[in-house]
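Trainee: Listed below are the residues making up each chain.
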Amino acid sequence: MNKVRTYAVGFELNSDTSQISIYSEKEKDAIPLPSKTGSTEGRFPTALFKRAGSDEWFAGIEAGYYEHVEKGTSVRHLLTKAESGSTQLIDGKRYTGQELLAEYFRAALRMLGTEDAASAVSRICVTGRTVHEAFADAVHQALSLLGFKPEQILIAAYDECFYRYVYAQKPELWTRGSLLLEVTEDDVTASRMTEYRVRKPAYVKMEELGQAALPRDASDRDRAFSEAVREWTGGKSFSSIFLSGRGFGREWAKESLPILMKSSSKIFAGDNLYLKGACLIAEKFAEGNGADERIFDGSESLKASLSIDASDKGKPAVLTLLKAGENRFLAGTECELILGDVSFLLFVLTSYPDGKRRTVRMDLDGLPNRPPRATRIGLSVKMTDRTHAAIHATDLGFGDLYPASMKEWHSVLELV
Amino acid sequence: MAYYELSRTGRTTRPYYLSSVGLNLYSVEELLFFLHRHPALIDEDIRSEKLLGWLAEEFGLTHVTYAMRRGLTKDGDTTLLILPLMREMSYLTPGELNSYLKKLQTLDHASKEVRLKMQAEDLYSMRRYGAAEDLSREALETAPLSERGFRASMLTIEAASRMQLLMWEEAADLFREAYELHPTAERKLRLLLALRLTKPRERYEELAEEIGADDEQLKMVREKIEEAYAADLPDPDHPEELLEKYCTLYHEESGR
Chain S
1 MNKVRTYAVG
11 FELNSDTSQI
21 SIYSEKEKDA
31 IPLPSKTGST
41 EGRFPTALFK
51 RAGSDEWFAG
61 IEAGYYEHVE
71 KGTSVRHLLT
81 KAESGSTQLI
91 DGKRYTGQEL
101 LAEYFRAALR
111 MLGTEDAASA
121 VSRICVTGRT
131 VHEAFADAVH
141 QALSLLGFKP
151 EQILIAAYDE
161 CFYRYVYAQK
171 PELWTRGSLL
181 LEVTEDDVTA
191 SRMTEYRVRK
201 PAYVKMEELG
211 QAALPRDASD
221 RDRAFSEAVR
231 EWTGGKSFSS
241 IFLSGRGFGR
251 EWAKESLPIL
261 MKSSSKIFAG
271 DNLYLKGACL
281 IAEKFAEGNG
291 ADERIFDGSE
301 SLKASLSIDA
311 SDKGKPAVLT
321 LLKAGENRFL
331 AGTECELILG
341 DVSFLLFVLT
351 SYPDGKRRTV
361 RMDLDGLPNR
371 PPRATRIGLS
381 VKMTDRTHAA
391 IHATDLGFGD
401 LYPASMKEWH
411 SVLELV
Chain F
1 MAYYELSRTG
11 RTTRPYYLSS
21 VGLNLYSVEE
31 LLFFLHRHPA
41 LIDEDIRSEK
51 LLGWLAEEFG
61 LTHVTYAMRR
71 GLTKDGDTTL
81 LILPLMREMS
91 YLTPGELNSY
101 LKKLQTLDHA
111 SKEVRLKMQA
121 EDLYSMRRYG
131 AAEDLSREAL
141 ETAPLSERGF
151 RASMLTIEAA
161 SRMQLLMWEE
171 AADLFREAYE
181 LHPTAERKLR
191 LLLALRLTKP
201 RERYEELAEE
211 IGADDEQLKM
221 VREKIEEAYA
231 ADLPDPDHPE
241 ELLEKYCTLY
251 HEESGR
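As given, the protein sequences belong to chains S and F, one line each in that order. Be aware that the first sequence starts at 1, since it is given in the working numbering, and climbs by one per residue. Be aware that the second sequence starts at 1, since it is given in the working numbering, and climbs by one per residue.
Next up, chain S with everything else stripped away, as it sits in the complex:
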C-alpha cells in the first residue's frame, strides 16, 4: 500500500500578516509557500472574507481581492477576536472568534492543495510575535474545529523557532554563538544565543542585548545601526549573524555592513526565519518526540525538570515528567506508576543551569489501605503558566485484586 503523504507545516500567525512553510524531504529544509502563484512573497494579510449568501471563505490575498469585487463580510482583528473569545454576526449567524480563526486556517491551508488539512498535515507548529496562553488556546480550539488532534498541534515562541532553525544548520554556524538582529522600520533589537558546554546536557541561552531607535533618514539610520551593533558585539566575533524583519536594506547600510562582516563571516537576512524554525519543530515532532540533546533556556522554556525517582525492573530509574528546556506549551505527561510501601508522591525538582535539586511531597490522603505494590497511580502533569505545573493523581487500584477508588488528588508546583 502506498504511504499517504503528510506535511510538517510551520505557520507564522500575527495580527497583521501570516506565512506558511512545509518541510521538504528532498531539500531537507523548510520551504516557505508563496502567497500567490509565481510570487516569491510568502507573507499574506491575516484577513478573512466570507462571500454573501454562500459558505465560501477566503483568506489572505484572496480575502483582500474578493472584498473589493464581491458582496460579503470582511473579518477584522481576527487574532484579537479569537484570543478574547468575542463574536461577530455574519449573514445572520453569530460566529465565535475561534470559529472565525478556524475558517481562516481552513482557507489559508488550502495552499497545501487539500481541503482536508487535518489529514494532510502530520504536525503543524504555529508561532507568532506574542505567544501566550490566550494565543495557544485560540490556535488549539480553531485547529480542533478543523479536525486536528491535540498531538498534531504545536505552539512555539519566536526565540525557540530561532534556536531550532540555527541548530538545524551546520555547527560552524552556531559553535561560537549567534547574533540575532530584528530590524523594523523604527528600531533594531539584538539578542545573543550562546551555548554553554561545561555541564551536560549543554545549555543554550538567549539573552537580549538591547534595542536602538533607527531614524528614517538613510545616513542617520546607518550611523545609529552601526553604533548599536558595535556596542552589542564589543568586538567579539560570532559564528553567524541573522537579520530578521524588513527594516534592513543594503542600500543604506554602507557603514553597518562592514561592521557586521567584521563580527561574522556568515550573515543571513530574511523575513522567514521564525517560520522556517516553526516548520523544523513540526518536522522534528513528526519524526519522533521532539527530544533535544540540549537544554534551551528560552522565553517559554521550562526552567526546571520534574521527575520521580523510581525502580524499573529492580534497577533505579528516573521517571521524567517535565524536562528543563522543553517548550511549556508542549510540556506535559500522562503516565502510571505502582506505589511501593508509601502513600505519597515524592517529586524531584532540578533547576537549570545551577542543577539544584529539591524534593516536593504530595500526600495521597484517603488512599485505600492496600499492601505494597498493589496500587497503580495515574499521573497527569501539565503547565498552567510559565512557572507552574498542575499535577493530577488518580487511584487506579490494582485490577480486580484491589478495585480502583478513582479518588483524585490535585496539586500545583512552582518550578522555580
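Worth flagging that the hints you see were computed from the coordinates, not collected in a lab. Hints should not be assumed to be uniformly reliable.
Straight-line distance between alpha carbons at most 27 Å, and here's what the computed DSS-like set of lysine-lysine pairs gives [said to hold, decoys possible]:
| hint | chain 1 | residue 1 | chain 2 | residue 2 |
| --- | --- | --- | --- | --- |
| 1 | S | Lys313 | F | Lys199 |
| 2 | S | Lys236 | S | Lys262 |
| 3 | S | Lys200 | S | Lys26 |
| 4 | S | Lys205 | S | Lys236 |
| 5 | S | Lys236 | S | Lys170 |
| 6 | F | Lys102 | S | Lys315 |
| 7 | F | Lys102 | F | Lys112 |
| 8 | S | Lys236 | S | Lys200 |
| 9 | S | Lys303 | S | Lys356 |
| 10 | S | Lys284 | S | Lys26 |
| 11 | S | Lys28 | S | Lys170 |
| 12 | S | Lys254 | S | Lys236 |
| 13 | S | Lys313 | F | Lys103 |
| 14 | F | Lys112 | S | Lys313 |
| 15 | S | Lys315 | F | Lys103 |
Once you have looked at the hints, place chain F on chain S.
Mentor: Quick look at chain F alone, frame taken from chain S:
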C-alpha cells in the same frame, strides 16, 4: 523496596482469568503480585500453556515464556515455571526471592490438608469467603482427628468465612466448636465476639460466664464492638444503613 515502580509492560484489555479464585488479571504486575502473595493458590490455571500464550501475546514476553515452559513438563516444578518471570521483571529482591522459593518448596512437600489450609487462608484474605469455607471443610475432612490444633484452625477459618457471609448463628457455633476442641485466648476472644453479635445481652453474659471470660476479655469485646460500630455506622440513628451495606457486601462477595 523502592517507593515507586514503573510499569513498562502496561495493562491489557484482554485479561487472563483464574477460575479457582474468580479473578481477572490485567497486567504482569498483577500476576506477579498474585504469585508472590498467594503461592498456595498456584494451580492448573497458572501451570498452563494458555498463560504463557497470554504473556507472549499481550506483553511481548516470548523470550521469558521459552524458559518458563520447562516448568510445564511432567516433572517440571512450580519454581521452574515462575522463576524466569520473577527474574525477568526483578519483582523481588534476592532475599525476598529466596524466602519465596523456600515457601514454594515447602508447599510442594506439604500434605494435602496443609495445602488446603493455606489455600483456604489465602482465599479468605482475598475475600473469596464461599470458596474459603468449602476448602476449610475439605481440609477438616482430610485431617486426622488427633490434629486438634489444626482442626480448630480450620474450624476458625470456616467460622470466619460464614461470619462474612452473614451466617452468624452457624459461625458462632463453629467458633465454639473450635474453642472447645483446642482452647486458646485468641479463640476465646473470637467466640465471645461472635456471641456478643448473635445473642441477646443476657444470654451472651450467661454464655460468657460459662466459658470463663474475665473482665479484661469482656472489656476487649466491648471495645471491638464499639470500634466496628464507629467505623461502620457513622450515624447511630440510622442502623438500616449498616444493614444495607452488609447486604451489598454479601451479594458482592458471595455471588449469591
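Trainee: Each hint needs a verdict: does it hold in this structure or not?
Mentor: Structure-based check of each hint:
This hinted pair does not check out: Lys313(S) and Lys199(F) have alpha carbons roughly 53 Å apart, beyond 27 Å. A C-alpha spacing of about 9 Å is found between Lys236(S) and Lys262(S), which places the hinted pair at or below 27 Å, so the restraint holds. With a C-alpha separation of about 33 Å, the suggested pairing of Lys200(S) with Lys26(S) is violated against the 27 Å cut-off. The suggested pairing of Lys205(S) with Lys236(S) holds, with an alpha-carbon distance near 17 Å, which does not exceed 27 Å.
Restraint check: the Cα-Cα separation between Lys236(S) and Lys170(S) comes to about 21 Å, which is no more than 27 Å; the hinted pair holds. Among the hinted pairs, Lys102(F) with Lys315(S) is consistent with the structure: their alpha-carbon atoms are about 24 Å apart, no more than 27 Å. Simply put, Lys102(F) and Lys112(F) have alpha-carbon atoms about 18 Å apart, close enough for the 27 Å limit, and the pair holds. For the hint pairing Lys236(S) with Lys200(S), the CA-to-CA distance comes to about 25 Å; that is within 27 Å, so the pair holds.
Taking the CA atoms of Lys303(S) and Lys356(S), the gap is near 11 Å; set against the 27 Å cutoff, the hint holds. Our distance criterion of 27 Å between C-alpha atoms is met by Lys284(S) and Lys26(S), whose separation comes to about 16 Å. Distance hint between Lys28(S) and Lys170(S) is fulfilled; the C-alpha atoms sit about 13 Å from each other, no more than 27 Å. With a C-alpha separation of about 21 Å, the suggested pairing of Lys254(S) with Lys236(S) holds against the 27 Å cut-off.
Taking the CA atoms of Lys313(S) and Lys103(F), the gap is about 23 Å. The hint holds against a cut of 27 Å. This hinted pair does not check out: Lys112(F) and Lys313(S) have alpha carbons roughly 35 Å apart, beyond 27 Å. With a C-alpha separation of about 25 Å, the suggested pair Lys315(S) and Lys103(F) falls inside the 27 Å cut-off, and the hint holds.
Checked against the numbered hints given earlier, this structure breaks hints 1, 3, 14; the rest are met.
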